[in-house]
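Listed here are the chains, written in short residue letters.
There are 2 protein chains.
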Amino acid sequence: MRNLSLLTDLYELTMIYGYHKYGMADRTAVFDLFFRGTDELSYAVVAGLEQAIDYVKNIRFEEEDIAYLRSLNLFDESFLDKLKSFRFSGDIYAMPEGSIVYPYEPLLTVKAPIFEAQLMETTLLTLINHQTLIATKASKIVGETTAGVMEFGLRRAQGPDAGIYGARAAMIVGCIGTSNVLAGKMFDVPVSGTHAHSWVMSFPSELDAFRAYAKLFPDSCLLLVDTYDVLKSGLPNAIKVFNELKAAGHKPLGIRIDSGDLAYLTKEARRILDEAGFTDAKICASGDIDEYVLQSLNAQGAQIDSYGIGTKLITSYSMPALGGVYKLAAIEDDQGVLQPKLKISNTMEKITNPGLKKVVRFYDNVTGKAIADLIMLRDEPNPDGEPYTIFDPVETWKQKTVVDYHVRELMVPIFEKGELVYDLPTLPQIKAHYQASIDKMWEQYRRITKPHIYKVDLSQKLYDLKVKLLNQEK
Amino acid sequence: MRNLSLLTDLYELTMIYGYHKYGMADRTAVFDLFFRGTDELSYAVVAGLEQAIDYVKNIRFEEEDIAYLRSLNLFDESFLDKLKSFRFSGDIYAMPEGSIVYPYEPLLTVKAPIFEAQLMETTLLTLINHQTLIATKASKIVGETTAGVMEFGLRRAQGPDAGIYGARAAMIVGCIGTSNVLAGKMFDVPVSGTHAHSWVMSFPSELDAFRAYAKLFPDSCLLLVDTYDVLKSGLPNAIKVFNELKAAGHKPLGIRIDSGDLAYLTKEARRILDEAGFTDAKICASGDIDEYVLQSLNAQGAQIDSYGIGTKLITSYSMPALGGVYKLAAIEDDQGVLQPKLKISNTMEKITNPGLKKVVRFYDNVTGKAIADLIMLRDEPNPDGEPYTIFDPVETWKQKTVVDYHVRELMVPIFEKGELVYDLPTLPQIKAHYQASIDKMWEQYRRITKPHIYKVDLSQKLYDLKVKLLNQEK
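Protein chains in written order, with our numbering: chain R, 1 to 474; chain L, 475 to 948.
Among the hints, erroneous ones may be present.
Partial list, computed: chain L residues near chain R (C-beta under 7 angstroms) [stated by the list, open to error]:
id	residue
1	480
2	481
3	484
4	492
5	542
6	629
7	667
8	789
In the BS3-like style, the derived pairs of lysine-lysine whose C-alpha atoms are separated by at most 27 angstroms in a straight line are [as the list claims (entries may be wrong)]:
id	chain 1	residue 1	chain 2	residue 2
9	L	714	R	343
10	R	466	R	341
11	L	824	R	232
12	L	725	R	21
13	R	282	L	689
14	R	21	L	817
15	R	341	L	689
16	L	817	R	232
17	L	495	R	251
18	R	466	L	659
19	R	350	L	741
20	R	185	L	659
21	R	240	L	817
22	L	942	R	232
23	R	215	L	558
24	L	720	R	21
25	R	343	L	756
26	R	82	L	689
27	R	341	L	706
28	L	659	R	21
29	L	556	R	185
No wet-lab data here; the hints were simulated from the structure.
Predicted model only: the values in this text are computed from it and were never measured.
Virtual Cβ for every residue (Gly too), placed ideally from N, Cα, C.
Starting from the given sequences, assemble the full structure and let the hints guide the process.
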């Protein structure tokens with residue numbers, strides 16, 4: 001575990017220095033971590049909480065960190081002393097990893113002395129923005145195919161962490177393996193990979209290269225057939241070697257195609273493999289694939305059993321940042337009263353929701369599917385089964401009354417008074433939670449082209465509070 | 475220094491296992507790391523070499539790594555033993571960080587036993603792809619403004635490494651500071667940052683918040699004025715506080731605007747600050763800025779002294795992966811002769827250049843500017859000042875004869891027989907090398923919209939070799 005305590009924006013330190021100097025350091029503050037919706041971001045999959053928890057548990061300013069901060073000539077010794085003994089003492093609520101979260105819903109809330117809550121802003125955002133981004137992208141990719149998806153992006157990841165934790169995020173949403181060996185070791189997930197074009201080029205001929213590879217891994221022989229020409233060279237050579245393997249009592253695994261017209265080539269390859277008697281041989285495709293390419297390949301009837309997906313997944317190429325923010329929702333005044341706060345803006349969507357909140361999800365008792373979410377103040381009772389009318393928070397003429405439902409709270413306690421009270425789930429448990437959550441989501445909210453917008457309402461009490469504060473600010 | 479030895483794609487290991495089993499492990503191979511051009515990628519700025527060198531020097535498979543690899547049931551003990559004693563023993567040539575590199579030019583070449591050269595593929599790509607990508611994006615951003623640019627992207631970076639090494643890459647190309655404290659400490663570069671909206675919201679009023687901040691940092695007071703309303707509230711309050719600072723003998727630094735119409739607001743703010751006598755007060759702008767927004771702000775006459783640039787820079791938002799590749803260019807045959815290799819493709823641009831190569835740059839003796847580059851075989855003599863005719867390697871009817879020039883080789887020896895022979899430059903030296911390199915680049919090759927394509931030719935000998943190998947492959 002690296003010490004990430006200094007991995008923060010300088011202004012977090014200048015601000016908490018101010019809170020310290022003005023005797024405000026111990027005032028309780030509430031910050032919400034959430035993201036705003038876009039056309040491409042109608043839902044997200046929470047990820048990165050485990051790393052965020054590690055960070056919070058381990059914030060320690062070492063002597064050399066303090067010496068560095070001293071060298072900036074911004075801070076006094078009383079502040080540096082306070083940093084030296086920093087330990088998180090507050091509460092954190094969060095949605096478990098693998099949860100489906102919608103725009104504007106807090107996915108993590110920190111309630112702590114402002115000195116602590118403000119310090120952690122940047123690092124919590126970095127960790128959760130990244131993994132949530134990649135889990136969301138991978139969820140879309142995995143959602144567009146019934147074939148297995150392997151994460152192959154390490155070489156195009158934005159640095160080692162992006163490769164490692166991007167692979168982790170991809171596994172949460174159902175990728176079946178990763179090419180990344182370190183991620184395999186760290187997270188105990190399947191690693192996969194066979195050989196590259198350079199293997200083929202290192203032998204006198206493609207056939208020699210295939211034979212050598214087959215001899216090496218006779219029971220898991222998957223051959224990359226596009227080094228020269230898939231149909232004229234790669235596939236005939238692969239079939240020659242598969243016949244040799246078969247004669248020796250082994251079952252070949254299949255082929256991989258990394259370039260060219262994947263729809264045409266895989267259909268031809270399937271036909272040729274079948275005709276040669278290798279109906280069980282798998283066809284793996286790779287090369288610049290994303291969720292839209294998957295749709296197109298499906299529509300063309302491409303014959304693909306598994307995908308290796310690299311650049312487009314590991315960087316979330318079409319939307320390489322989540323844009324999550326961490327906004328003040330309440331702060332204790334000089335009378336010791338926690339005052340809800342909002343940040344105003346010219347656009348309704350950018351006005352934040354005040355107070356300490358929770359999120360509940362309504363599920364239909366008949367279908368089991370999620371119907372809508374409600375952001376409420378934490379001290380409100382949850383809806384109890386009585387008919388409940390949900391409004392669109394901006395277009396309030398859009399409403400819907402739900403009956404025969406049950407609700408679940410989506411955020412759980414993670415830290416209480418600085419103590420970790422959350423049993424960290426294993427990766428298989430996180431995957432199972434994701435699967436259960438996505439299975440309860442109607443397809444129309446999930447589709448990649450013009451998804452229907454899932455309803456997220458504010459409780460009447462929260463809405464009234466918001467309007468009251470807005471009117472005060474005017 | 476983290477151990478990145480397992481940070482690799484599994485297929486690197488399965489391949490070198492094969493080379494080991496077939497007695498080919500010690501055959502010398504040559505791999506080139508380069509990228510292909512796109513409309514947005516007409517040049518790049520080399521970065522990440524220092525981290526790549528650290529990686530190569532420190533490849534060590536620890537007991538737990540070996541135990542993990544053993545658990546995969548893919549490898550035998552003789553291979554695991556060989557990994558245990560892994561030490562890089564080959565040669566590496568590379569362009570120094572801060573160099574300008576064009577598509578298809580090797581920016582790093584490994585000549586080593588294939589066991590070693592193949593193993594390092596993924597990690598070298600991850601490290602160099604990432605930093606080169608960010609340095610290139612930042613170079614475009616910095617190139618579009620005479621104002622100072624600060625790197626503010628940590629919270630939107632794709633994980634901690636992306637934030638840390640992205641900040642490093644940004645500093646190489648002339649960013650004047652970063653918000654990232656850990657990057658500041660690690661690379662000894664200026665850190666900057668003042669306060670956020672939450673600071674303003676934590677006080678009873680904006681004026682109280684500004685006064686408190688001014689008291690804290692009276693000689694470096696930069697106030698964020700868009701929490702409520704820039705012109706009606708933020709700026710008048712800032713001027714009030716600036717007058718108080720002035721009366722107390724301090725000079726205010728200026729204001730920051732993070733939202734709204736930056737062109738209109740900064741022009742108004744400049745006028746109002748000037749009228750109030752604060753002609754020296756700086757205006758800093760931030761919020762979703764990239765090189766195209768900079769062009770637009772310039773065209774509108776926005777009054778901005780410095781920028782804080784986050785998401786768009788730290789993720790290279792418009793192109794979040796470089797797409798660098800690492801391709802086999804030669805391998806020793808079973809007679810001990812190093813045989814040049816190329817990877818064929820249907821598209822001319824995707825056919826690789828064979829053999830152990832170097833890159834030389836022609837400079838005009840009158841202007842000092844770079845005219846064209848030449849990729850040559852390493853054992854060819856450099857052009858010596860005699861008139862030299864350069865062809866476009868694809869559209870060969872485009873040619874140009876250069877006279878009155880000198881040339882420089884762009885790649886330098888980094889490792890020789892496993893020994894590091896390169897004196898690692900300091901970050902200021904790397905910045906100076908970048909500045910000297912970009913100053914020698916004509917503006918038309920650098921512009922962000924439809925840049926002129928810089929000529930990169932192959933020497934006649936390399937071209938002939940390529941054609942000969944192509945004809946053999948047919």
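Okay, the hints, checked on the actual structure:
Checking residue 480 of chain L against chain R by beta carbon gives a least distance of about 4 angstroms; that is within 7 angstroms, so the hint holds. The criterion of a C-beta within 7 angstroms of any C-beta in chain R is met by residue 481 of chain L, whose closest approach is roughly 5 angstroms, and the hint holds. Restraint check, residue 484 of chain L versus chain R: the minimum CB separation of about 3 angstroms is within 7 angstroms; hint holds. Checking residue 492 of chain L against chain R: minimum C-beta separation of about 5 angstroms stays under 7 angstroms; hint holds.
A least Cβ separation of about 4 angstroms between residue 542 of chain L and chain R falls short of the 7 angstroms threshold, and the interface hint therefore holds. For the restraint placing residue 629 of chain L at the interface with chain R, the shortest Cβ-Cβ distance is roughly 4 angstroms, inside the 7 angstroms limit, so the hint holds. Taking 7 angstroms as the C-beta contact cut-off toward chain R, the hint placing residue 667 of chain L at the interface holds, the least distance being around 3 angstroms. Contact between residue 789 of chain L and chain R, as hinted, is supported at the beta carbon level, the nearest pair being about 4 angstroms apart and thus within 7 angstroms.
Restraint check: the Cα-Cα separation between residue 714 of chain L and residue 343 of chain R comes to about 23 angstroms, which is no more than 27 angstroms; the hinted pair holds. A threshold of 27 angstroms between alpha carbons decides the hint, and for residue 466 of chain R with residue 341 of chain R the separation of about 9 angstroms falls inside it, so the pair holds. Distance hint between residue 824 of chain L and residue 232 of chain R is fulfilled; the C-alpha atoms sit about 19 angstroms from each other, no more than 27 angstroms. Among the hinted pairs, residue 725 of chain L with residue 21 of chain R is consistent with the structure: their alpha-carbon atoms are about 22 angstroms apart, no more than 27 angstroms.
The straight-line distance between the Cα atoms of residue 282 of chain R and residue 689 of chain L is roughly 69 angstroms, outside the 27 angstroms bound, and the hint therefore fails. Using a Cα cut-off of 27 angstroms, the hinted pair residue 21 of chain R and residue 817 of chain L is violated, with the two alpha carbons roughly 65 angstroms apart. This hinted pair checks out: residue 341 of chain R and residue 689 of chain L have alpha carbons roughly 24 angstroms apart, not beyond 27 angstroms. At roughly 16 angstroms between alpha-carbon atoms, residue 817 of chain L and residue 232 of chain R fall within 27 angstroms of each other, so this suggested pair holds.
Between residue 495 of chain L and residue 251 of chain R, the direct Cα distance comes to roughly 22 angstroms. Compliance with the 27 angstroms bound is thereby established for this hinted pair. With a C-alpha separation of about 42 angstroms, the suggested pairing of residue 466 of chain R with residue 659 of chain L is violated against the 27 angstroms cut-off. Of the supplied pair hints, the one linking residue 350 of chain R and residue 741 of chain L holds, its CA atoms being roughly 25 angstroms apart against a limit of 27 angstroms. A threshold of 27 angstroms between alpha carbons decides the hint, and for residue 185 of chain R with residue 659 of chain L the separation of about 31 angstroms lies outside it, so the pair is violated.
At roughly 23 angstroms between alpha-carbon atoms, residue 240 of chain R and residue 817 of chain L fall within 27 angstroms of each other, so this suggested pair holds. About 22 angstroms separates the Cα atoms of residue 942 of chain L and residue 232 of chain R, which keeps this hinted pair within 27 angstroms; it holds. A C-alpha spacing of about 24 angstroms is found between residue 215 of chain R and residue 558 of chain L, which places the hinted pair at or below 27 angstroms, so the restraint holds. Between the alpha carbons of residue 720 of chain L and residue 21 of chain R the distance comes to roughly 22 angstroms, so the proposed pair stays at or under 27 angstroms and holds.
About 25 angstroms separates the Cα atoms of residue 343 of chain R and residue 756 of chain L, which keeps this hinted pair within 27 angstroms; it holds. For the proposed pair residue 82 of chain R and residue 689 of chain L, the alpha carbon gap of about 20 angstroms is at most 27 angstroms, so the pair holds. For the suggested pair residue 341 of chain R and residue 706 of chain L, the alpha carbons sit about 21 angstroms apart, so the restraint of at most 27 angstroms is met. Our distance criterion of 27 angstroms between C-alpha atoms is met by residue 659 of chain L and residue 21 of chain R, whose separation comes to about 24 angstroms.
A hinted pair counts as satisfied when its Cα atoms are at most 27 angstroms apart, and residue 556 of chain L with residue 185 of chain R qualifies at roughly 20 angstroms.
When held up to the earlier numbered hints, the structure conflicts with 13, 14, 18, 20 and fits the remainder.
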